[in-house]
Every structure is written in structure tokens, then in C-alpha cells.
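Enquirer: As a plain string of letters, each chain reads:
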Amino acid sequence: MSNGEHKPISLRRTLAPLASLKLTVVLIALSIFLVLAGTLAQVDRGIWDVMHDYFRSPLVFVPINIFLPREYNIPIAFPFPGGYTIGLLMLVNLLAAHTVRFRLKARGNRLLIGLAFIVIGGASIAWFHQGPLPAQILSAAGGYAGVMPLLLIGSLFYAPMVAGCAVTFGRRGGIVLIHASLALLLIGEGITAASAVETQMPIYVGASCNWAQDIREVELALIDPSSPQSDLTIAISEHRLQQAAKTGEVITHPAMPVSIMVNRYEPNVDLRMLQPGETSPATSGFGVQMDLVARPKVSGVDTSQGINVPGAIVTILREGLPIGTYLVSPHLQIASFVIAEQEVPVADRMYRIALRFRRYYKPYTMRLDAFHHDLYPGTGIPRNFSSDIHILDKDRGDDHDVVISMNNPLRYQGETFFQSSWIPGDRPNDPDKGTILMVVRNPGWTIPYIACAAGLIGLCYQFGATLLRFLRKGAA
Amino acid sequence: MNNHWSKYAAPAVAALLALVYFVMPLISKPAQEMSVASFGELPAAYGGRFKPLDTIARTSLLTISGRQSVRTDEGTYDASTWLLELIAQPERAAERPIFRVDLPELRATLALPEAKRYSINQLMEKRDELQRQNQMARMTDSNEQTLFHRKVSQLADQVSLYQTLSGLFNVNVIPPAQPGGEWLPLGMFSQPPSNEFQRTIVTGYHTAFDAARAHDARGFNRVVDDLHKAIRVTAPSIHDKARSEAAFNRAGVFQRATVLYLLSGLALMISWLRWRVPLTRTAALLLIVTILAHTLGIVTRIYLSGRPPVTNLYSSALFIGWGMVLLGIVLEHFFRSGAALFTAAVSGFLTLMVARGLVTTGSGDTMAVLQAVLDTNFWLATHVIIITLGYSSTYLAGLLGAMYIFRATLTRSMNKDESRRLGQMIYGIVCFATLASFVGTILGGIWADQSWGRFWGWDPKENGALIIVLWNALILHARWGGMARARGIAVLAVAGNIVTSWSWFGVNMLGRGLHSYGFIESAAFWLVLFIVSQLALIGLGAMPRRLWRSELAADAPSAQ
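Protein chains in written order, with the numbering used here: chain L, 1 to 476; chain E, 477 to 1036.
Source of the hints: derived by calculation from the structure; they are not laboratory data. Yeah, the Cβ is synthetic: ideal placement off N, Cα and C, and Gly gets one too. Some hints could be false.
Looking from chain L toward chain E, a few residues come up when the C-beta cut is under 7 angstroms (computed) [said to hold, decoys possible]:
1. Leu21
2. Ile28
3. Ser31
4. Phe55
5. Cys452
Chain L on its own, in the form it takes in the complex:
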């Protein structure tokens, strides 16, 4: 901005329409409608489907039905800008407004000092959040109790940024901070949408686990147990299975000794035992007395918190000749969360197959030493759940205990482990058999914390200044 006067002015003219407050109001109104539609849509559809269609897409077709009682059925949908479009336009509007309308308060040396503070502030905030300090403060204070100390200590690192904004933008410093925090939130949500993975790790008491599963996706696993050290697994993705079911294509792969034909694929099923006289589509394995019953996909506000459990009928072929037809589904379990693997004889080896939730293997193992399930006195209402975990990672030299409880997660190797649920005993009063941890990898997890701090400071700055002016006027 220091190299002349005319350039910013022409830039201002070009950006003026994009910077208009009218556009801001329109965009906010559109976003309100989108959020409302995305909430109403969850009555009939799963939260993940809705999120994908409404908030994490450029364009959405909104069915009129979602606004009406379910008795009416009008098969019309209208196009509406999705979350990506509105979010992006908001960012553009915000940046344009700051370029066009917000004149710098400072000139000359003062401007340089202000900008220097902003740069230092940005660096110190980034350094603080990328460094180990936040995690250390949180764990030192024991989880959520550390949030206040974190904010207090964190605010020291924000001070240069606030000072910089105050010097550079004067009265407008607060607004700049608020808008910066909004921009960060939008960007953070974008990063989360693009890269966060949420998985689940069930561990039985006394057992160890080195994988986590994504319960929103399945894979057909073909396991070759012939190697004595570890099993070799070939996994076929859900998408591929659906495609194959539609087109009738036979799935082959150089590493697979067999090929697989998908006769039927359903995204959500129940299993049904056959009545006398009926025949199963399956000829081998556990499913010869069963059939699939297709169910509607679960909806987002369903209070039973159900998930979609797919099922498929697959025929395994060896050199074009069928070995057997199998019914596969994660419903087939030998114990809770232990999906049954069915044997497939191929030449002299015994392979196994299972339709299971997609697994992510870890370089470490977690052993569950004990699981605690505290109740309120004299009731069956749970008060707290916690898991005593032992982490073992030989390469990193980790061999120690941790406790994971509700509202008190473990952050480890870029992932966060939450106490999510538990594996109950077989009968009502039996002890629990294990824990279920939720494992989340989200590279953008610190961004909302930064945005929260910046927004809070900005709002106090802005409205505090307004209030002070008002009080001074009132007193005069």
C-alpha cells in the first residue's frame, strides 16, 4: 500500500459491489435458510448425508417436503447455494469489505509499528497453537478444567495482535478481529470437512487393539492367513461393491487368487432367519439359513442413534467357476464388535471373508486394563465412564498407562481418543466387557480455539468501546 495512491483506489472501485453490506445481509439470510433447511432435512435423513449435501457442497436441491408435515408429499425440489458457495462468498465479501471500507487509521511510522505488531501477533498465535503448550496445559489441569488457564495463558500470545489491530485500525480494530475470527471458523470448517476422519476403537477388557473402524463405511475383506507372522488382507471398498452390484462387473485384482461377483448390495439391512421351505441366496458360510431384509437408511434426528449396517450377497469365483455364494454383513458377529469371518476354501488354503467396517491400522496398540461405569447412587443412570488404557508403541518407546474418561480425552500421535461407549455384558447385571473409544484425526482442531479467542477479544473490544462511548455521553 506504500507504493502510491491511485492503485488502491481503482482496486476499491472494482471491489465495491462485492464489499456491499447489502450483500452481507443477503448472504447471512441465505445461510440462515440453508441451516434451517439442513436441520429440517435431518428428520428423514442421516446427519452425515445432510452434512454432505447441504453444508459441504456447492449446490443443494432442497425438497419442499421438509417444510411440510409428513402427510403431504410434493415431489419438488429447488436448487439453493450450498455451504461451500455461501461460505466462499462470505469470505470474499468480508475481504472485499475490509479492503474497500476499512481505512487504515495509522500512517507512516505508526502504521509500520501496527503492522509489525500484527505480524508478530500472528506468529506468536501460530507458534502457541502449533506448539505442545496447549496440550500440556490441558493435560496438566486434567482435561476441561484446563480450558480457562489455556485461554488466560493463550491471551498473552494474542496481546501483540490486539495491540497491532488497535494501532493500525483504531476503533475498527475490534471489527477486524471479529471478522478475522469468522474467516478462521469458515476456513477451519473447510479443513475439517476435507480432512477429518472419525473412527471407533472397540477394546475388550484385557485385550489389545491396533485398529480403528469407520462405522459409516464398510469394506469387503479377503484375508489370507497363510503367513505365520501376520494375516494378509485385501479390502474392497464400499463404493466398488455398490458399482459392481449395479453393473454386474466381476471384481478382480492381481493379488487376489479369486474374483468376486456382487449379486446384491443393500446400504442398510436386517438379517432374517428363513422359514421352512424357503431357500437362502447363500450356498456357503454362516448365511445359508438367512436372508437380507432391506431397511430405510437412518435419519439424523432419530433418537435411537442408529447407524446404517449394509449387507451383500457375493459369489466367489476361482478361474470363472463359483466356489460358493456368501451372505455377508457386519450384523454377523461372534461377539459384540467382533465381526464373523467366513471360511472360503481356495485350492489348498483356507481364506476368510467378512463385510466389516472400514479399518485403519495403527502403528501402536492399546490394551484395556479396566473399564469403569459409575452410576448415580441407587439408580441405573450412568454418572461417568472411564477406561484404563495401556499404550504400547515400541518404535516411539511408549509403554505407559493413561485414563480416558468422559469430557477428558487423550491426545496422542495427532489423534484424539474419546470415551464414546461401552460393550455391555451378556445379561443385565453382568460386568461390562469392554470400552468403545472414538478416534478422531482432525488437523484443523486448534483453529476454532484461535477463532474463539480472537472473536471474544474482538467483540469485547468493539461492544466495550460502544458501551463506554454511550456511558460517557450519558454522563455528560
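Keeping the supplied structure of chain L fixed, place chain E upon it in accordance with the hints.
Expert: Same frame as chain L, now just chain E:
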């Protein structure tokens, strides 16, 4: 009327009367009567926490009959008396018509005569049919259940609640022999326990019931006193808390506050016609006494439950009202227009009425224990408080907006100054609402990140909060961009009422499974009614200026 008398003494007398009104129920009754209140103060472990028998009686009676007292031909008597009768004279209690069966279909199925409420005896005659219907209802998938199914299960639950209460079977009133042990139900001891202390308590209870049966007031009072003393020795803090909770129940702070908020509002309405100064002062003093009682009520709930003030829908209504009244009083301090005072009184009255309607949600216990993930005082004290203040301020802005529209369109009480002033007030409150709802929502995100590993999940409750933030931001930007002035801001603020109610209640009604709460059906009705009324107000505010009654009508829009 004497000037000093009307300006100072009348308001002071009114305030004094209000104080007396709040303290009155705490004064104990003479000793000749049977002190059922003292019986109701005895502690028990029930539903996950320690509470007095009075609370158990009230919540159970509320669940069974929809109110906290029993009305008979001889008069009305309170919940503790009902519980005592239920245990000591079950054959008499069995005649009391307390079970509410509203659904005509259900009455017909059970072949019940036409009446509003039925006694347990009447229902026990139809036990087999009720059981059969209940089994069928329970077999039905929760998504397929009809109103009939739900009402059948509800009635069956009410009957079994009555039965467990009548023998104090699952009401744990016997303290442990050793500290740290478990409290046990009286019904468990068909033989007197071997432990001496527990034996004292068990016999004490039985003696008290015998005395009640014999109408021996003095004997009853003595035994109940002894029970208090004995229990207090082993569990002093549990005992004292239970005693305070029973007194708190009796005090009925929030019912009384409702009445006084209403009176204060009425005084202000009359003051617009006559006696402006004395009545405004009276209203202001009444409001101050009432908000103090309201505050004390909330503080007592914090002490009793050991929780921050907002833990469920009922307590959120109490707190939203508290925030609105307080903000209104602060506004009045700065603007001195009487308008803010009036909105404070109205909001106190309305929110406490809503709270009254919400008592029946869940188990009827407004201090019930929380789900495990909510068991964190830190987040309840930060995120929940701040977001609830966001609700308070958004509603207050809406109420001020409603007042603006009313006065500008239907009365002659509005001029340019007043219009500007009200506009400023709404703007200031919207600023505060933006701050509170924004910070509260983000803190909620951080809580979610701490508990579920997800800052934002787009679930209905989060979306509701987000819409409030966005709506307030929209109002601010519309003002800054010159798109909305006083009238525009007032209309937008009224729409904010719809947005906030949607977030507060509407999102809870989306899930089909949640319909099993009986309240949802009637709450949905009130919500729709409220939204329609707000839309009507918006329509009124959007009327062309030439149709307005106030002097703002004459002006061109630009001059406003």
C-alpha cells in the same frame, strides 16, 4: 391524595407487602396439628440423588395427576399429606381420584365411567386389560407408536409408580449403619434389622404411620422429630439439605414471583392512564423485590443441586426470565423511559409461566441428575450460562420490538424521540445478544471438541444456536448498512423471538422418538401459537405508515 404519601409511602408499603408475601409460607404452623411438613422434610435416596419425601411426593403426584396437590370434597391438601395417607392409610388413599385419563379411546377401552380423574381402585378393576394393552404397546416399535400406545404405557407406569410408593419399596429412607454404605428402602425390612441404629429408624417410621392412622398429632410429631434427630447424627449434610429443599418447595418462590411480576406490569399499565409517578415507583420497587426473590430462588437451586443454574428446560426458563428482567432493569437505569421496566415485568411473568408448563417434562423432578456427558460443572457454568443469556437478550430485544410496533401503530404514545430511544435500546440489546450467543455457541463447539472430538457437527441443537447468532448479526449489519432504522430493527427483533423459540424448543420436537414426552404435543401447540402471534406483530409493523396511529405516521419514511 397527599403528595409525599403517594410518592414514597405507597411504593414502600407495596414493597413491604411483597416481602411479607414471599416470607409467609416459611412461617411454621402451631404444634397441636400434625406436622406433615416435618414428615415431608425427611431425606431419602431416590432417582439418583438425595431429596426430601416432600419432593418425591410432589414429583410423583405431578406425574400421576398433573398437579402438585390433591383436591377432594373436603378441600385441597398437599403432596406430603397425600404420601403420608398413601402409606399409613392405603385404603383411604385408594379412593382418591388422582389418575388422569384424558384420551377418550383409552377410557372406552378400559370401560371407565366419564370423569376427569380416577382412583387406583377403579383402575385396579381394569388391571388385566391395562396390562394386556400395555404389553402390546411396548411391543410396538417406537417409531410406529400412536398416541394411544403412549398413553397406555404412561398410565401403566403411573400405576406402578403408585404401587412402589405405597410401600416405600424403592424409596430409600433408611440410612446406612456405617457411613458410606447404601441407603435402603423401608419396604425391604419385613423383619426389624439387626443393626440398632437402623432398627430405631425402621420402628420410628412404623410408629409414625401408626400415630397418623390414629390421628395422634402429638405422638406423630414427637416420632418425626426423633427421626430427624437420629438421621441428622449419621448424615448431617444430607439431612439439612433435604430439610432446606422441602422448605424451598413450600415457599413456592417462583409461583409467587409470577404473581408479583404480573402485578408490577399491571401497575405500569395503570400508570400510563393515572397516578404516573407513584405507580411507576411502586412497580419498580415490586420488580426489585421480585427479582431479588427470583435470584434467591435460583441461588437456592444451585445450593440444593450442587449444579450451575441451567441444567434442563425448566431451569433454562427460570434463568432466561431472570436474565431478561435484570437486563430490563439495567436498561431502565440508563434510559428512564418506563418502557424497559414494563418489558422486564412482562418477561418475568411470561417466562415463569413457561417454566410452570415445563415442570412436567421428564420425571417431574426439576433437579434430576444429568446424563454422564453433561456431568461437568465447568461447561454448564460457562457455555450454558452464556448461551442462555444470549436467549434472554434476544428475547428482550424482541419484546422491546413488539412494544415499539404496538405503540407506533396502535397508540398515540409514540413520538420521534421515543422512537429513536427505543431503537437505540433494541440496538444495544442486540449487540449484547450477539456477543453472548456468539461466545456461547463457540464455547459449545469447544465443549463438543473436548467430548466428541468434533467442534461442529451440524446437529439440530447446534444449528439452532447458530441461527440465533446469524440472525443477530443480520440485524446489526442491516442497521450499519442503513437498511433498517428504528422500525426495521423493531420488526427484525420480533422475528428474533421466533428464531430463539425455534432453537429453545423447536429443535427438540424434530425427533420422532422425542414425541414420547407427553409435553411435546402441548408444547408444539403453544410454540405454533407463539410463532403465529409474532408473525402477526411483524405484519402489523410492516403496515404502511399512513395507517399508523402515532405521530410517526405523518412523517415521510426518510425523516424517521
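Enquirer: Quick check: which numbered hints come out false for this structure?
Expert: Of the numbered hints given earlier, the structure breaks none, since each of them holds.
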